[in-house]
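Engineer: Sequence:
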Amino acid sequence: MLLRRRDEARRSILMEIEGLQDAGRVKQFCTKIGPVKHCFFYRRPGKNFVLVEFQTAVSKMKTMENSYDSKDPQSIPVFSPFLYFQSDPQSGRSQALTDLTEDIQCKEQAALKELKDLQCSSKNRLRMEMDHLYKKSKISDLSIRLRYFTCHQLDLALEGLFRDVKALPFGSTVSGFGRNSGDLDIYLHFKKNLCQVIKDDTSKLFFHSKSWVRDKSMQLKLISDLISLLLPGCTNVVSILGARVPIIKYHQIMTNVECDIQNSSAAGVDTSHILYTMNKWDLRVAPLVYSLRLWAAQNNITCVKKPSPYITNFSLMLMVIFFLQTEQILPSLHSFSRLPTTLTSSSFDPDAELFFPDLRRVEKGLLSGGNEEKIDSLLVKFFMFYSTFSFEKNKISVYHGKVMPKSSRLILEIENPTNPSLNVAKNVRPEYLQVFQIAAREAAKVLGEREFQSKSLLDVIPLTRHDMNGSVQERGNRNRNANNN
1 MLLRRRDEAR
11 RSILMEIEGL
21 QDAGRVKQFC
31 TKIGPVKHCF
41 FYRRPGKNFV
51 LVEFQTAVSK
61 MKTMENSYDS
71 KDPQSIPVFS
81 PFLYFQSDPQ
91 SGRSQALTDL
101 TEDIQCKEQA
111 ALKELKDLQC
121 SSKNRLRMEM
131 DHLYKKSKIS
141 DLSIRLRYFT
151 CHQLDLALEG
161 LFRDVKALPF
171 GSTVSGFGRN
181 SGDLDIYLHF
191 KKNLCQVIKD
201 DTSKLFFHSK
211 SWVRDKSMQL
221 KLISDLISLL
231 LPGCTNVVSI
241 LGARVPIIKY
251 HQIMTNVECD
261 IQNSSAAGVD
271 TSHILYTMNK
281 WDLRVAPLVY
291 SLRLWAAQNN
301 ITCVKKPSPY
311 ITNFSLMLMV
321 IFFLQTEQIL
331 PSLHSFSRLP
341 TTLTSSSFDP
351 DAELFFPDLR
361 RVEKGLLSGG
371 NEEKIDSLLV
381 KFFMFYSTFS
391 FEKNKISVYH
401 GKVMPKSSRL
411 ILEIENPTNP
421 SLNVAKNVRP
431 EYLQVFQIAA
441 REAAKVLGER
451 EFQSKSLLDV
461 IPLTRHDMNG
471 SVQERGNRNR
481 NANNN
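Okay, so the sequence shown: first residue is 1 according to full-length UniProt numbering, each after it adds one.
Keep in mind the hints are simulated off the structure, nothing from the lab.
Be careful, since some hints might not be right.
[To be verified] Pairwise CB distance ranges (calculated):
id, residue 1, residue 2, range
1, PRO340, LEU226, 40 to 50 Å
2, ALA57, ASP99, 38 to 48 Å
3, SER87, PRO340, 50 to 60 Å
4, LYS280, PRO340, 15 to 25 Å
5, GLY448, ASP215, 48 to 58 Å
6, GLN55, SER454, 45 to 55 Å
7, VAL446, ALA57, 51 to 61 Å
8, ASN236, PRO340, 42 to 52 Å
9, GLN434, SER228, 40 to 50 Å
10, PRO340, VAL446, 40 to 50 Å
11, PRO45, SER454, 37 to 47 Å
12, GLN74, PRO45, 21 to 31 Å
No experiment lies behind these values; they were computed from the predicted model shown.
We put the beta carbon where it would ideally sit given N, CA and C, even for glycine.
All chains, full assembly: derive it from the sequences and hints.
Structural biologist: Right, here's the structure in full:
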């Protein structure tokens with residue numbers, strides 16, 4: 001998937017246009033240069049854009065080579081696939097393009113409200129609601145394309161100086177659990193072609209280089225300046241170099257993406273690969289994750305701010321995967337190491353001892369059981385599982401895929417899948433874990449006591465988000481009162 005999406009970006013250009021009437025003209029214009037595969041029109045406040053994907057990269061390059069520089073005398077000429085199309089009203093009418101602006105907007109709240117009027121049989125209502133929520137909330141094809149195109153901008157800016165540099169997206173963009181509103185996490189991979197032994201006359205040449213920029217945070221500072229001063233559409237560039245993982249944050253206004261760049265660790269790339277593998281392993285995983293993520297958000301169990309004393313969405317996803325491992329639906333990460341090397345690939349991070357199965361060749365039943373329960377039943381069982389889970393004694397390990405005794409005194413221990421010695425939930429405070437268990441217990445009771453034909457997600461997911469501070473105190477008091485009674 002990564003290779004296919006990067007190839008799409010390499011064959012694409014983004015044109016700013018004056019209005020919808022020019023969208024069709026852009027397609028006509030580009031077709032004269034080379035075969036066009038896809039055109040996507042979308043709007044931003046006060047601006048209009050068309051993303052054009054050519055059949056070949058040759059046509060894309062030809063388009064750029066035939067473009068002119070800005071007339072602004074203060075601007076520095078930049079050769080990039082971010083272009084402006086000058087309108088020509090006399091060019092006549094053209095076939096209009098569909099406005100896809102809604103395809104890049106966040107739809108979770110709208111999808112939640114639509115559940116009230118969803119037409120489906122009462123027997124399968126809960127299951128159909130989960131499927132509807134997933135289809136409406138998942139990241140769109142256009143959003144994915146714009147994120148990879150944003151990475152491609154960095155590739156082009158750096159490849160002239162750096163050999164085989166790759167701006168690799170990771171996180172929700174590639175894991176299969178993304179949303180249109182999510183940020184774009186980017187790992188800058190600088191590949192070195194090292195030679196240990198000189199074997200023949202063809203391998204005696206080495207590149208000159210400077211070794212003074214050993215501090216990776218300083219490398220990021222230089223790249224930050226390049227982005228801020230030269231790359232079109234990149235605004236609000238901030239370098240956070242003192243963090244444990246130094247990053248560059250910026251907003252790409254043309255693709256409407258918030259970006260976080262780092263070059264310290266490839267673990268995020270491997271983690272995304274793990275999540276992608278689990279997502280594709282079983283079709284029930286994604287709908288379950290999307291429903292539980294919205295349940296947690298609306299009940300103020302999770303928080304997007306980092307660092308946070310709340311459970312994060314990443315921790316919640318690992319909890320879902322772990323639960324499905326205990327149900328013999330998903331395999332453990334450890335089980336991948338038992339596969340023949342011909343059916344696996346190694347991890348991207350050389351420090352991680354991970355193996356990933358070739359999903360096209362590995363039979364799913366080889367590593368997991370034959371559990372065929374429906375997603376509505378699994379949702380109820382998830383709530384029941386964690387409402388009674390002993391967090392005081394046990395930890396969550398997707399590597400082993402089974403309950404393991406805790407190795408620390410922290411309130412919640414969830415192993416980092418790429419480095420099991422690390423705890424991804426180390427910041428969670430006791431009261432927020434309590435909120436999660438109380439909410440899970442309440443949801444299990446509500447859904448477990450009702451007949452299946454009367455169950456609905458709206459029974460456990462409120463349409464309006466609970467008050468963040470009040471919810472913790474209120475549920476804590478409710479739990480104490482229940483215990484006293």
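Engineer: Does each hint hold? Answer for all of them.
Structural biologist: Hints versus structure:
1. Between PRO340 and LEU226 the beta carbons are some 44 Å apart, a value that agrees with the proposed interval 40 to 50 Å.
2. Checked against the hint of 38 to 48 Å, the C-beta distance between ALA57 and ASP99 comes to roughly 28 Å, which is inconsistent with it.
3. For the hinted restraint 50 to 60 Å between SER87 and PRO340, the CB-CB distance of approximately 59 Å keeps it satisfied.
4. Take LYS280 and PRO340: their Cβ atoms lie about 20 Å apart, and the range 15 to 25 Å holds.
5. Our hint of 48 to 58 Å for GLY448 and ASP215 holds, since their Cβ atoms are close to 55 Å apart.
6. For the pair GLN55 and SER454, the supplied restraint of 45 to 55 Å holds, since their beta-carbon distance comes to about 53 Å.
7. Under the hint 51 to 61 Å, the C-beta atoms of VAL446 and ALA57, about 54 Å apart, fit the expected range.
8. A C-beta distance of roughly 49 Å is found between ASN236 and PRO340, which places it inside the suggested range of 42 to 52 Å.
9. Separation of GLN434 from SER228 is about 44 Å and conforms to the stated range, judged on CB atoms against 40 to 50 Å.
10. A hinted range of 40 to 50 Å for the beta carbons of PRO340 and VAL446 is consistent with their spacing of about 46 Å.
11. Remark: the range hint 37 to 47 Å for PRO45 to SER454 is upheld by a beta-carbon distance near 44 Å.
12. Restraint check, GLN74 to PRO45: a C-beta distance of roughly 25 Å satisfies the suggested window 21 to 31 Å.
Comparing the model with each earlier hint shows a violation of hint 2 alone; every other hint is respected.
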